Amino acid sequence: MSGAARPAQSRVIALRFKAWLLAMVAMLAVFALYVMPRLKVETDILALLPVAADDRASNSAIDHFSQALAAKIVLLVGAPELEQARRAAQRFAATLAASHAFASVTLEQGAYTQETLRLYAAHRGYLLSAHQLRLLQSGQQAQLQQEAVRAAFTPTGLMRAVSFSDDPLGLANDYLLQQLPGTGAAQLDGRMLVIPGDTQSYVLITADLAGSPFATQVEDDAGAALAKAQAAAAAAIAPATLDVVMSGTVQHAAAARNRANNELSVFGTLETASVVLLLVTIFSGVRPLLLGALTTALAFTAGLCATFFVFGTVHVLALVFGSSLIGGVIDYSIHFFADRFRGDPDWTPASAVEHVGGAVLLGLVTTLLGYVVLLLVPFPGLRQIALFCVAGLAVGCATVLCAYPVLYRAPRRRAAWGPRLGEWLARVFSEWRWNGLRAGVAVLLLLAALAGLRALLVQDDVRALQSSPPQLVAAEKRVAALLRTGTDSRYFLVQATTPEGLLETESTLTGRLDTLKAVGKLGSYTALSRAVPPLIQQQQAHALLESKVLAPDGILPAVLRQLGFPPAAVAERTRAFAAGSTPLQVDDWLASDASRPYRELWLGRLGGRYASIVTLANVSDVPALDATAAAVPGVRLIDRVQTVTDVLYSYRRAMSWLLGVVYVIAMALLCFKFGWREAPLLLLPSALASAVTLGLFGWFGVPVNLFTLLALWLVLGLGVDYGIFLRHGRTALPTAVLSVSLSAITTLLAFGMLAASSTPFIRSIGLTLLFAISLSWLFAMLSCLTLERIHE
Amino acid sequence: MNARHRTCAALPAIALLWSGLLGNPAARADSVFDHPQTAQQLLQGPLAEPTATLRGAQLMRGTFVYRKFLVEIPQPLLSRGDFVFARDLGIDWHTRQPFDSDFVLTAKGMSQRDDGRTTLQLSASDQPAVKVVARIFLALLSLDVNSLQSSFELSGVQQGRQWQVGLKPTVAAVAGVFRQAVLSGGAQVEKLVLTDANGDRSEIEFSDLRYAAAIGAGDRALFTSSAQQ
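Note that the protein sequences, when read in sequence, are chains A and B. Residue numbering for the first sequence follows the working numbering, beginning at 1 and increasing consecutively. Residue numbering for the second sequence follows the working numbering, beginning at 1 and increasing consecutively.
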């Protein structure tokens, strides 16, 4: 260093520090005041993935419906006696309703039948059930007439919701039967839906959350309200006899979040403790520790802020990767601190930045390169992770380069530990001599490991990648078994440019579904066009009613005459039937309480098109549904589970190719910087470590998925980092060895622990890194410390 | 609907086994509602004897006469036939006159066969309204007032061995089926009168009641072979 350069250099350092300080204060202020209160942690693996459809309108329709479904919870409040269950359910529902965590809580069913009949009465000149419409269309009015007369003498007529003389032909009844939503095993008893049983009876409560089940606040409020409601219900009867079973997204979301929180805090604590121990023993003094902690915290905050501003939510997976930033960012600190052991008597923090700055920046660029490619992929989850890491790593690196020269003071006492460890490792590897036997054994071991690639399994099924706690899964199963509704996760999305077009498309679809139902390929379906037939169909019904039912020779006068009604009564009834009747419009229906059970099926106008949903139950032939969707334009079958599995598959493949591409780009970059002879030696450790890891997975039967590849992405950056540092530090080898080994250890601590996660896709990442990072380190050390000499 | 007046149809005297004690049932049917009772009170009072009769039996069979009084026509619509009521299975209602029609009601749904041809088939799991109606009628015939009290206001009177039990719906979903019901009898159920909101009335009289402690295979088949889903 020349004397003249120093003041200029320290001015630059001071300036850089001030700029950094300003930026960090601003970021922390934004984080604390704006981001923190609004932060939402997403735990659904589906949120990571591109949505099912390829156009905006369908996506927003699917989103809408998924959100409405996700906000629903179904509760069964059970007790040995039905009366107790009713009492408990009343307390339960009242407590829930009072909590404000729910937008609605339904225990008592409304006068739904009455509302439907009121709506029918105003439009009865235009409404017919599908069954009766078919009879009239095919000229079978004689059958309708005979059924009507018989119903007057048999219990059939007695058991109708509309009395015989008000509805002699059963038109209102048949229409009503077609409207009522199926309740599975639940039955209306009084105002409640109940499932009576010999040893245990249940009462059904449904509720809608006041917000997204993935919002932390909503989850907490709902959890607290449910616990309170359970306590209140238990207090209303003998507490031990209460049995509440629940089904709903919110409990899975809460469980996933709690589990992620627990794991992150346990892993984070262990990891922090180990890193602290390492830093304190090797670098001595508290300053490295405080600086390391500061850097990590700032990097994490930066990641959170960036993700929040771009995506609105932060996925738990991004948090998991974020926690790995501790490893990545600490690496930069380690390189900086370890530089002190170079033995330069004039060592200052500023000279350390000068010495390692280049390598740190180069390492950062390779790592960022990988993430920037991920940013370009149209895959929300990967982009979130990439953005989180890019922001975090950049801020972490900036902190090391800008703040450390000012904030770090070398302790007077020189710790002997670190250098000694570095020297020992460097000696072990430097003294290694390759001979025929050693090389042969090494090659054989490599080949044996790589042979495992042939047995490599892949797992793209989303259900295998996300698991809920068994007791929640069991609860869902119990609810489904008790209710016996068999609702399928697949559904039809129907779209059209006008409401009338939508109803017509739906009715074409339901016609085909009726056929599938008749041959047992489908249990049942729910469609709003059953309640509001398309106008064209209503006009057909009107014409048929006029000509075949109400006309002087129609079946209504015939039935009434046959039963002995006086001619005046016959004329009066026939005249009154359709008087003042108008066609039923979607808006009339939506405004009536009659639409309540179906309202979520109507999505309204989204992205320039009208959309609705047709739900399915007890599907036994999926290809038939696919064929149905293909045959009706404007209809598509949405199968999120299958779509996600397909997406995972195609992205796993795409990511494999992209990884190859990134290796090629990195190779070009490294060739440019280090020349074509050294560049392969820098890349080889990551490439080989990745291949061997996959080979070992093959041997051990660990399946590979998209997330394994994500981890291999990380391995590329880290492995190259090791190589660059070892190469860069050739002048002070023990220091370089020490800093690379320490960063490998911190990364292993950060990620290796994820291998113990109970969430399968996080476990995949952990397991991959555990193997691949250890191997990258070994290969980097071997290639830089032993192969180099062969070259020389 | 146009205004209706209450019919003054002459009540056929033949079936009124208990009319000597209680007088005109139409007049009486109104008064029973002046005596509200809980399910518990009914079971200990008026229904003590008939429920004891039923308790030991798994199966009840007999004949019925069904009259439907419509306000606009002078003569009731009349049908007769026989029935089998099997505990936990349901009821088979076989109309023999004026035509042959076999109606089966179980907790799972209802079906009707006319001249051997199925003309009606409603599954309770698809049709919640069917489930509600099935539950009410099966409970009425088995005198299960405990399960009825959630949907009805109960009342009852007793004179000697003769009794009447009244039911008025408290729940809108049930109110459409009938406005009020009166069950009556002595040692056993003898008559059921259902009145609609517009004054139409259905009267069912049971006779030749026989009980069995077990359900035979032939009777069981009535409920399984009728193509119930």
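It cannot be assumed that every hint is accurate.
The list that follows gives simulated cross-link-like pairs (lysine-lysine, DSSO-like), each with its CA atoms no further than 30 Å apart [what the hints assert, rightly or not]:
hint, chain 1, residue 1, chain 2, residue 2
1, A, K72, B, K108
2, A, K517, A, K477
3, A, K521, A, K548
4, A, K517, B, K168
5, A, K228, A, K477
6, A, K40, A, K228
7, A, K477, B, K168
8, A, K517, A, K72
9, B, K168, A, K521
10, A, K521, A, K72
11, A, K477, A, K548
12, A, K40, A, K521
Note that these hints are calculated values from the structure, not bench results. Values in this document were obtained by computation on a predicted structure and should not be read as measured data.
Hint by hint, here is what the structure shows:
1. K72(A) / K108(B): Satisfied, since the Cα-Cα distance of roughly 28 Å is no more than 30 Å.
2. K517(A) / K477(A): holds, 24 Å
3. K521(A) / K548(A): violated, 34 Å
4. K517(A) / K168(B): violated, 39 Å
5. K228(A) / K477(A): holds, 24 Å
6. K40(A) / K228(A): Given pair K40(A), K228(A) holds - Cα atoms ~24 Å apart, limit 30 Å.
7. K477(A) / K168(B): Measuring from Cα to Cα gives roughly 39 Å; hence the hint is violated.
8. K517(A) / K72(A): Between K517(A) and K72(A) the Cα gap is close to 27 Å, so the pair holds against 30 Å.
9. K168(B) / K521(A): violated, 43 Å
10. K521(A) / K72(A): holds, 28 Å
11. K477(A) / K548(A): violated, 49 Å
12. K40(A) / K521(A): Violated - the C-alpha atoms of K521(A) and K40(A) are around 41 Å apart, more than 30 Å.
Violated hints, in rising order: 3, 4, 7, 9, 11, 12; the structure is consistent with all others.
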